[in-house]
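Taking the UniProt record's numbering, I'd label the letters of the sequence shown as residues 1 to 409.
Hints listed in this document are in silico derivations from the structure and should not be mistaken for laboratory results. Bear in mind the structure is a predicted one, so any value in this text is a computation, not a measurement. Some clues are possibly wrong.
What the hints assert, rightly or not - Listed next, the in silico DSS-like pairs over lysine-lysine satisfying Cα-Cα at most 27 Å (straight line): (1) Lys-48 to Lys-87; (2) Lys-87 to Lys-101; (3) Lys-238 to Lys-48; (4) Lys-179 to Lys-238; (5) Lys-48 to Lys-179; (6) Lys-101 to Lys-135; (7) Lys-179 to Lys-381; (8) Lys-179 to Lys-53; (9) Lys-48 to Lys-135; (10) Lys-280 to Lys-348; (11) Lys-101 to Lys-53; (12) Lys-303 to Lys-348; (13) Lys-280 to Lys-238; (14) Lys-280 to Lys-215; (15) Lys-34 to Lys-133; (16) Lys-179 to Lys-215; (17) Lys-53 to Lys-215; (18) Lys-24 to Lys-96; (19) Lys-101 to Lys-24; (20) Lys-139 to Lys-87; (21) Lys-179 to Lys-260; (22) Lys-34 to Lys-24.
Unchecked claim - Estimated spans, in silico, between C-beta atoms of each pair: (23) Ala-290 to Arg-265: 38 to 46 Å; (24) Arg-245 to Arg-293: 49 to 57 Å; (25) His-372 to Asp-47: 52 to 60 Å.
Built from N, CA and C at the ideal position, the CB exists for glycine as well.
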Amino acid sequence: MDTGADVDAEGNSIATQREANNAKAARMGALIEKEFVEPGASAQTIDKRPIFKQLLAYLGENPDVSLVIIYMRSRAFRNLGDAVITKRRLETMGVKLVSAKEDFGEGIMADAMEAVTDIINEVQVRMSGEDIKVKMRHKAQMGGTNGRAPIGYRNVRIEHDGRQVNGIAVDEERAPLIKQAFEMYATGDYSIDRLQETMADLGLRARPQGRGGAKELSRSHLHRMLSDPYYIGIVRYKGETFPGRHQPIIPADLFERVQKVIEDRSARGQRDRVLYHYLKGLLYCERCRANGRSSRLVYTEAKGNGGNYAYYLCLARQRGECDLPHLPVLDVEWYVLDHYAKLGLPPKFLDYIREAIDVAMADAQAHVRGLHVTYRKKLDKLAQQEELRGTRFVVQSLCDFRLMGRGPL
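Using the sequences and the accompanying hints, generate a full structural model.
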């Protein structure tokens, strides 16, 4: 844990606990060999606390240790079961457990007081947990955000009624990229893999954590983001949804289109790998229809003889139920064109289709223009950074030259 602030995860001073433990050791005439400091472990059992496990391992490797001093029993154990198991285990190792803040003495009554204290601690932890759940649900009902806001937002302190309270603000750097990710995925032209690569190129990064710096969003993170209604102003808590107080990043209709793409790709037999063809998903096998079954024609691509070959195949053929051969895409396209030419479609329908195509093309072109603008801004930023590095290098070189006594700056 980071003890730079000298406070553990629950607000208890590390220095205060260390002082009390050292004083207890001095009163008992004990020499402290090693100190174990762990973050606050509210509601965590010992099997989920790595530092506590390290303590037990250390005792096993150092049989000369006969005493373990803890600040308080409530800091070491959050339930009676853990306290009893740990005490028995330490006893088999010849180690006594004592509390710096609690003196139970020796004997049967001391053991009873320890047990009663552990029971009370467990009850308090469970009651506190239930109280926290109630408060968290109430906060969600009121539109508040529990915990850390998702990427695209920032946890901030804002003034409300003359006092500072926790609030949520839009991350102006990442929010436009988040919206762009939703827009791209809604087209159906992007797989999660391709979207992840594209967003990484556009500069979308997760918030920095520790010393690792800001990293690219993983596929799983991106998938969770695309499914999170928080971005349209909805707060979720334990399966329930409530209107949030935070500002939406994307419109509801865009979110619904994304969910439709996700739903379609998670259907049986579908994959997130995207192959592009304008007839994909619209064609069915005529031979299967004549035999009383419905089977979709699936678009696929294969490599061979130095090139890519695109074709449609019947799903029933893969199950051995149909003998339709693989159909080259060009043959399928010409057949569809010939078929529609013979239909004699009404002029109003043709006008509607042309208008819909114009709208779709305009949207696609706007999307491409948006990507172009984003990439251009990123290139300009990189150019500025490169120029700044060059300037710093020249200045440093001149300074080095001057320090070596080879001339004035």
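Quick check: which numbered hints come out false for this structure?
Hints 5, 6, 8, 12, 13, 14, 15, 17, 20 and 23 not satisfied by this model.
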